[in-house]
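Same order as they appear, the protein sequences are chains A and B. Note that the numbering used here has the first sequence beginning at 124, numbered continuously upward. Note that the numbering used here has the second sequence beginning at 180, numbered continuously upward.
Think about it this way: if two alpha-carbon atoms lie no more than 25 Å apart in a straight line, the pair counts; the simulated DSS-like pairs of lysine-lysine are:
no., chain 1, residue 1, chain 2, residue 2
1, A, K429, A, K378
2, A, K143, B, K237
3, B, K237, A, K403
4, B, K185, A, K403
5, A, K401, B, K185
6, A, K401, B, K237
Source of the hints: derived by calculation from the structure; they are not laboratory data.
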Amino acid sequence: MKFAHKIAHLVFPRESNNQKAKLLHSSSLTLITIAFVFYQIILTLVPKLGSKILGYAANISPQDVIRLTNEKRVQEGLLPLVENTTLSQAALAKGNDMLGKGYWAHVAPDGTQPWKFFTDFGYKYRYAGENLARDFSNPSSAVDAWMASPTHKENLLSPKYKEVGIAVVEGNLAGVDTTIIVQFFGTKYVDTIPAVPVAEAKSQATPSAGTALLTEKTVIPSSPIPTLQPSPIIVSNKPTSGLGRVLVSPFDITKNTSLGLVGVLLGILAVDGVVVSKRKITRVGGRTFAHLAFLGMIISIILLLKAGQVI
Amino acid sequence: MKNIAKDFTHYLVLFGVFFVGLLGFVLFSYDRNFQTVIAIFVAISYVIWGIVHHAIHKDLYLSVVIEYLTIASLGLVIVFSLVLRV
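Isolated chain B, as found in the complex:
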């Protein structure tokens, strides 16, 4: 929790991105194509956030980037499987 409080601004940005993404999903519930774009935008933002955050903390390693990429990919696959399912 101490680390979260210390990096409050970082997490504020991350939660801001997630909030905008969720809002987009609600507002554009009728537009599957746009929802797909929103999902990609949020996933890329999450990976970029991870890279920048760890770079600032000087603990950015390839394994860390891969970890963010794999979680983002899993999230994207799950969302796509629902958004694009017909």
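If we strip away everything but chain A, and leave its shape as in the complex, we get:
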């Protein structure tokens, strides 16, 4: 009975809690907020302390990313992109560079531009572009996220590009197990007929601004370029061993916890509102209906949010 009284005290308006569920008191809500912050700190710190129980488990095939990209292009009446292994290797080098140097940006902290990876692998480009994505659990959600971003979409659906290279790299980025997708677009210089050999460069993104894409149009002095045929080689450095593999996504844990917490508070608020209204209790406090609406919006946002970022 004592336990039942304690529960009732926490979730039901009665005399012992001044006619307001104890969990809805400002002091309780403050404690819940502080506890949630600590919970997030622990979720962030655990992987950094060397534990491998947290991270992102992804199942992304570069071939699927190419297929989905081409499906979007065909839907828009554009020609599909041809996979180029040189671009894929350059993309892999970019992905490994990000993991090695611990950055998540188009431009490396040391100023290395994405185009360097194109030229390092002998890809003499007329047009080049880069899309990046991380922490998506499947290829379609990554491609959908690119399509939702106007600037990434511009890259994905650009008629300027003829070839694509994809790399999926997994590793530890700033203490978090991460899956990064690097998508390199390109059109070889020899595949175009430059009318006027004037160099032109366009950059639309900075590493920190979070803007979406990098594109570059340039003219590189013509030189013999090896002809590279498309091949179905998948460039990926996913770990093959099952040991130390990531098991759970911190995002999913947070999402489920948040849904549970807000759901419980919504339930208590609803009961509180009904009881107070029926008993005609007068008390000093905020409007239950407004709180319900606010938490309802929060729960909608939680449901809308998906793991994964694009830049």
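Take the given structure of chain A and dock chain B to it, following the hints.
Same frame as chain A, but now just chain B:
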């Protein structure tokens, strides 16, 4: 329900803010920074709505403001924990 009908205009404004916030989250799903700004905007609007609403009803007390602030803070912490999680 009577009070809600009486303050229909107040709640219309509040729901308008929430609707714009939700729409922003959908439309700018690719921009985490902007989503953060939207969340802050909605939370501040909610607190301001509470203050104005209770001031009009002449039942504005410090404990009421704190109640709106704590609920807004909890909502913000939850949204940030997802939007900013990498």
